[in-house]
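**Q** The chain contents come next:
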Amino acid sequence: MEIISNVNDGILYVKLSGDIDHHSAKTVRDCVDNLIRKNNPAELELDLSSIEFMDSSGLGLVLGRYKKQTDMGGKMKIINPTKRVLQILQLAGVEKIIKIERIRQA
Amino acid sequence: MKKEIKKIKKKRVILNQIKSSFPAKSINESLSRMIAASLVCQLDPTIDELADIKTAVSEAVTNCIVHGYGNNYKSISSVNKSGGEINLYACYYDDNSIKIIIKDKGKGIEDVKKAMQPLYTTDESGERSGMGFSIMQSFMDKIRVISNPGKGTTVIFEKKISRPV
Ligand SMILES: Nc1ncnc2c1ncn2[C@@H]1O[C@H](COP(=O)(O)OP(=O)(O)O)[C@@H](O)[C@H]1O
Ligand SMILES: [Mg+2]
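Keeping their order, the protein sequence lines are chains V and F. Be aware that the first sequence starts at 1, since it is given in our numbering, and climbs by one per residue. Be aware that the second sequence starts at 107, since it is given in our numbering, and climbs by one per residue.
It is worth saying that the hints were derived from the structure and are not from the lab. No residue lacks a Cβ here, since even glycine has one placed at the ideal position from N, Cα and C. Keep in mind that a hint or two might mislead.
DSS-like cross-link-like pairs, simulated, lysine-lysine; straight-line CA separation at most 27 Å [claimed, not checked]:
id: 1; chain 1: V; residue 1: Lys-83; chain 2: F; residue 2: Lys-209
id: 2; chain 1: F; residue 1: Lys-209; chain 2: F; residue 2: Lys-125
id: 3; chain 1: V; residue 1: Lys-26; chain 2: F; residue 2: Lys-180
id: 4; chain 1: V; residue 1: Lys-68; chain 2: V; residue 2: Lys-38
id: 5; chain 1: V; residue 1: Lys-26; chain 2: F; residue 2: Lys-248
id: 6; chain 1: F; residue 1: Lys-220; chain 2: F; residue 2: Lys-180
id: 7; chain 1: V; residue 1: Lys-26; chain 2: F; residue 2: Lys-205
id: 8; chain 1: F; residue 1: Lys-266; chain 2: F; residue 2: Lys-180
id: 9; chain 1: V; residue 1: Lys-83; chain 2: F; residue 2: Lys-205
id: 10; chain 1: F; residue 1: Lys-125; chain 2: V; residue 2: Lys-96
id: 11; chain 1: V; residue 1: Lys-26; chain 2: F; residue 2: Lys-211
id: 12; chain 1: V; residue 1: Lys-83; chain 2: F; residue 2: Lys-213
Beyond 10 Å from chain V on every Cβ pair, some chain F residues (computed) [unchecked claim]:
id: 13; residue: Leu-121
id: 14; residue: Arg-139
id: 15; residue: Asp-154
id: 16; residue: Lys-160
id: 17; residue: Thr-168
id: 18; residue: Ser-203
id: 19; residue: Val-218
id: 20; residue: Glu-264
id: 21; residue: Lys-266
Far from chain V, by Cβ distances over 10 Å, these chain F residues were calculated [as the list claims (entries may be wrong)]:
id: 22; residue: Leu-145
id: 23; residue: Glu-191
id: 24; residue: Arg-234
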């Protein structure tokens with residue numbers, strides 16, 4: 001599991017890579033929550049393009065961060081989920097709650 | 107007539123299997139996925155079929171750890187003394203189908219039907235989504251859940267793997 005982040009113009013960009021399961025979710029959660037607390041971003045962009053494995057623990061992680069962001073008056077979107085990740089997000093109806101964006105990468 | 111049909115429809119035969127047990131530690135979620143995937147790989151599955159199996163195994167094993175044993179792993183010696191073990195059995199048959207059995211001796215489920223409903227979770231604090239069983243159902247061909255409160259839970263999956271061309 002690797003986390004890359006940067007802040008630009010009030011937008012906190014976080015890219016997760018590797019496996020998200022119940023074991024790794026705790027570390028990711030603590031790390032992203034720290035970034036949110038420190039930066040108080042207007043928008044959180046969660047890049048899921050490099051996820052190799054994700055199960056329903058990842059759903060909990062995504063929905064939990066969405067709740068945190070909106071509770072603090074911020075916005076959130078998901079960027080470039082893999083086909084597998086998208087399948088799981090859609091099973092839970094996440095796309096009806098959180099904006100999912102495809103961005104072409106250079 | 108009936109007898110003849112029975113004869114023609116021959117029983118499938120197990121070609122290979124693995125039996126494993128490991129402590130209910132969250133680091134073993136990935137281990138369990140790898141064990142099941144390694145066996146299934148002998149059937150040359152598609153990438154999607156393999157991902158389906160890894161996801162379903164991960165869901166079932168995580169449930170043993172989080173719900174069955176209440177995230178309560180302390181040490182190997184306590185596992186040896188008072189339990190806290192997960193059993194994973196996987197096999198494949200001569201008709202290219204697989205069976206996976208995941209078993210814990212934890213607290214069990216009162217109402218299995220209710221537990222399997224989408225978004226149902228008894229864990230409010232740990233950011234569970236309640237989608238575990240729905241994911242298992244959608245990624246496997248068959249799922250059976252047998253549970254006795256106080257005794258434990260067994261989840262059985264079956265899935266047909268496409269034959270490589
Ligand atoms: N092995 C198990 N032992 C005890 N209870 C379980 C087990 N597996 C599932 N459950 C119960 O079924 C519910 C639903 O499981 P699931 O669909 O995976 O959602 P989640 O894990 O997000 O709660 C759990 O909240 C729990 O109450
Ligand atoms: Mg679950």
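**Q** A separate judgement is required for each hint: does it hold in the structure or not?
**A** Taking the hints in turn, this is what the structure says about them:
no.: 1; hint: V:Lys-83 / F:Lys-209; verdict: violated, 30 Å
no.: 2; hint: F:Lys-209 / F:Lys-125; verdict: holds, 11 Å
no.: 3; hint: V:Lys-26 / F:Lys-180; verdict: holds, 18 Å
no.: 4; hint: V:Lys-68 / V:Lys-38; verdict: holds, 13 Å
no.: 5; hint: V:Lys-26 / F:Lys-248; verdict: violated, 31 Å
no.: 6; hint: F:Lys-220 / F:Lys-180; verdict: violated, 30 Å
no.: 7; hint: V:Lys-26 / F:Lys-205; verdict: violated, 31 Å
no.: 8; hint: F:Lys-266 / F:Lys-180; verdict: violated, 38 Å
no.: 9; hint: V:Lys-83 / F:Lys-205; verdict: holds, 26 Å
no.: 10; hint: F:Lys-125 / V:Lys-96; verdict: violated, 41 Å
no.: 11; hint: V:Lys-26 / F:Lys-211; verdict: holds, 25 Å
no.: 12; hint: V:Lys-83 / F:Lys-213; verdict: violated, 35 Å
no.: 13; hint: Leu-121; verdict: holds, 27 Å
no.: 14; hint: Arg-139; verdict: violated, 7 Å
no.: 15; hint: Asp-154; verdict: violated, 8 Å
no.: 16; hint: Lys-160; verdict: violated, 7 Å
no.: 17; hint: Thr-168; verdict: violated, 5 Å
no.: 18; hint: Ser-203; verdict: holds, 22 Å
no.: 19; hint: Val-218; verdict: holds, 18 Å
no.: 20; hint: Glu-264; verdict: holds, 19 Å
no.: 21; hint: Lys-266; verdict: holds, 19 Å
no.: 22; hint: Leu-145; verdict: holds, 18 Å
no.: 23; hint: Glu-191; verdict: holds, 17 Å
no.: 24; hint: Arg-234; verdict: violated, 6 Å
In summary, the numbered hints that this structure violates are 1, 5, 6, 7, 8, 10, 12, 14, 15, 16, 17, 24.
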